[in-house]
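Visitor: Residue numbers (our numbering), protein chains in the order written: chain A, 1 to 335; chain B, 1001 to 1344; chain C, 2001 to 2325.
Just to be clear, a hint being listed does not mean it is correct.
[Claimed, not checked] Capping the alpha-carbon separation at 20 Å, the derived lysine to any residue pairs in SDA-like fashion look like this:
id: 1; chain 1: C; residue 1: Lys2288; chain 2: B; residue 2: Val1159
id: 2; chain 1: C; residue 1: Lys2288; chain 2: B; residue 2: Gly1244
id: 3; chain 1: A; residue 1: Lys114; chain 2: C; residue 2: Leu2316
id: 4; chain 1: A; residue 1: Lys114; chain 2: A; residue 2: Leu136
Hints were generated in silico from the structure; no laboratory data involved.
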Amino acid sequence: MRDPVLEIRGLRVDYGLGDAAVHAVRDVDLTLHRGEVLGLAGESGSGKSTLAYGLTRLLPPPGVVSGGEVIYHPVDGPPVDVLSLSPAQLRAFRWAEASIVFQGAMNSLNPVHKVSTQLLDVIRAHEPRSTAAGRLARARELLKLVGISADRLHSYPHQLSGGMRQRVMIAMALALEPQVVIMDEPTTALDVVMQRQILGQLAELRERLGFAVLFITHDLSLLVEFSDRIAIMYGGRIVEEAPAAELYRRALHPYTDGLLHSFPALRGPRRELTGIPGSPPDLRAMPTGCAFHPRCPRAFTPCDAELPPLGPPGDDDPRRAVACWLHSATAPAPR
Amino acid sequence: MTISPSSIEQVIPGQGAMAQPSAAPGRAKRRRFRFIANAKAATGLVILGVYCLFAVIGPWVAPHNPDARSGDVLQPPSTAHWFGTTHLGQDIFSQILVGARSVMVVGLIAGVLATILSILIGVTAGYLGGAADEGLSAMSNVFLVIPALPLIIIVTSIVEQASDTLVALIIGCTSWAWGARVLRAQTLSLRRRDYVEAARATGERTWRIILFEILPNLTAIIASGFVGTVIFAVMSEITLAFIGISSVSSWNWGTILFWAQGQQALAQGAWWWFVPAGLAIALLGTALALINFGIDEFVSPRLRSAGKTRIRTADGRTVRMRVGFTPVLAPSRPVPAPREEVAP
Amino acid sequence: MRFLLQRVAFYLFTAWAAITLNFFIPRLVPGDPVQSLISRNQGRISADAIESLRVLFGLDENENVWEQYLDYWRQLIHGDLGLSFTFFPAPVSTVIGDSLPWTVGLVGITTIISFLLGTALGVGAGWRRGSWVDGLLPATTFLSSIPYFWLGLVAIALFAGPGSFFPSSGGYEPGLVPAFDQYFIPSAIQHSILPAATILVSSMSGWILSMRNMMVTVSSEDYITVAHAKGLSERRVALSYAARNALLPNVSGFALSLGFIVGGTLLVEIVFSYPGLGYQLFQAVGAKDYPLMQGIFLIITISVLVANLLADVAYLLLDPRTRKS
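This is chain A alone, in the form it adopts within the complex (with noise of 0.2 Å):
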């Protein structure tokens, strides 16, 4: 396996302070490696965006983060812990380590300023000694690298299609040649040739220039098919995590298995459609013990009592963790 690059340990992200908080991330574990795609999906609610804010700490307020770690493992140099820099460290870091496409492209972009002041100010202020003839330079290529004429460097974002303004926003992501890519839904607002065609050209880049990327997606289908590994969340917290295509061929976590049975197959043979019943819970009225028994067609004993740990399967396959009671090493003797 190869070295992480990004680990996230038990970080914990609540709205408001006190009693009042609402957990919306509970102690996650998750680690990316150097140059792995890492698919991250749920239900809307389920955590997956807030875990990409907080790791960040771009969350607004009332989010805070209140507890775990982030260790960064930059190419040379000793790791860091993202949630202990300082203001001034965490500014130097961001960007130039992980930066991060998020879900609207419309409203990314800032709409008073050209594409090109937005390109060159983000490299200007991480290298202050490039010159503007080098910045420039830089972000005509990388306008290129996406597919982009470099005349459209003076356009205004309201000029451009929606595809395009993802694209300058995938460019603006790679220009410091970060070891880290943080998607949030990147082409959610895209219609779906739009949608391959940047996934497409997105993975091509990876291939080329190296990067890790934690791609957060509602569309379970689509992961399955762009990334290296993939986890579930639900209700704040990983429930499955495993190679895309050990997922795919057999879905542990009955959650898992529901999302997959939410889309037709992509190829080989046809499966039933069944989808999940219920909705997701309440960050705020959370149910005991797993917090999917309440939905899970297969919940038994332990399920509404005890919080499974997330672990490997029974099977000891060490590439997979699941957390449900239904294939714990250490299921809880039945009372």
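Fit chains B and C to the known structure of chain A by using the hints.
Guide: Same frame as chain A, now just chains B and C:
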């Protein structure tokens, strides 16, 4: 004496920067109570309540007849005359109390009139669209741009000794444009909502859609427009009285200032003659402005005070809640991993 | 360009509406104000001047309203606003010409300073919520609720008076001749400080508040989060990303509320007996000088329209989205 652009004007969808202000109709009731719970709105409402009380009982509880002259000429505040006396020995406290009614009545009439006009014009323009919208919008923009106060002054000065009601009508007829503009924009966005489209598709009558689907969602904006107009109306009425255009025979706070100015109260050092009236106006204006802030924050939750902006973390540091740098409260467990030394 | 042409067309329409309104207002005046003036000034008034006033007041019984309206326009195009009753026999245009520079100087400049200063403070208050500027907001609310003229009175009582640096009335030292020289300019500035401060204090808070609210609203936009994620300096995010966008609605709000502001600030002139349009209007109202009132209303309206157009140009320069070719 300006009406500053309410932020409601600026949060209209389509102007870019705002999430949809009105929630689903079903949640309206819970939100209504939250409005009262807003500290700013509550303070404003309490002060306004006191003013309304004085408007009703003021003339009865006034210790003196505001017109009655006495031998105590230009007396500073004392136990006999709480706010002092005028050059004719009139009791200023009584004048203020009696004047409250005129101020409140003019504010109310003008506010109601302007609000009705703004709803009629704004909602019609926004809902009908097309040529009707073009015409009505142009009309409200014209009224918006023409300086209202000079116009009110001129129109009022043509009428000899204008009564309170007439002043209120003139102000009401000239100050509806702002509300109409805001309502038009909001109606326009409501009209495109699914539930309105659905009502139209099922053949609901236009007036029923406007009355039951559109207007309930405009309540906050209508209220804010009403309060804004009342502020403007009160200020205008007082101004008219102060420069001596409207009738000087009835008392309002502007009339008091008119006499104070005319009798050189300043030069004579009679500060008590003009300070109470001014403070009464300012406090009323503040109360109304506070109510409007409350409405603004109610409509656009982002504006609410940030609450606690500084929080203490478990290890005793103080961090500030701010956009872009989510505070980290405490590590969940001690980790032996090497860490960089961090400045607090 | 289309945006600007639309705006110009709208302002022309508004000017037409204001002029038409102005045409009808004196027709509401009861009695015959001109006749009384003529009889008071028997023989001293020229036939031309009488004719001009008759057109202005619609006293020519031989003409119908439409012909009167055309006559009124003809007269207006020649810059003839009639004769002032108070400054008889000076034409209204001369009286206005004398007082307009004072108003532009006082109200115009302070309005702009108030907007700029208030906006700058609003940026600070909105960006760092919960800082000391937020604590200032209730105080500014109170200040903005005070009528301008009353604040002027208080300012005179506190700061002006015999022996004080600040004069309590007038636009310049009596005895000086208005000219751009070393005697007149300092005196004019000295006389304008107190009225200007009065306007500033009570008009600024509206801008602080609206800019603060816009900053708060804009701060939660995606592009602000992106700017933070890019690791840009705090200053750059606050100014180039947040404030730059929050400014747009504030500028259009400024344009829209100019009519309100100018109306209110004119009153400060009354309190300070400042020789501008507001004071002139006050005197005209007191003397029932209808031609002067009408003329002042027209000039104020047109000035506000011009100011609005300038604000639109500013908006055009600030927002690339309206600059579509």
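Visitor: Does each hint fit the structure? Answer for all of them.
Guide: The hints, checked one at a time:
1. Lys2288(C) - Val1159(B): 11 Å, holds
2. Lys2288(C) - Gly1244(B): 12 Å, holds
3. Lys114(A) - Leu2316(C): 15 Å, holds
4. Lys114(A) - Leu136(A): OK: Lys114(A) and Leu136(A) at ~13 Å, within 20 Å.
Against the hints set out earlier in the document, no violation occurs for any number.
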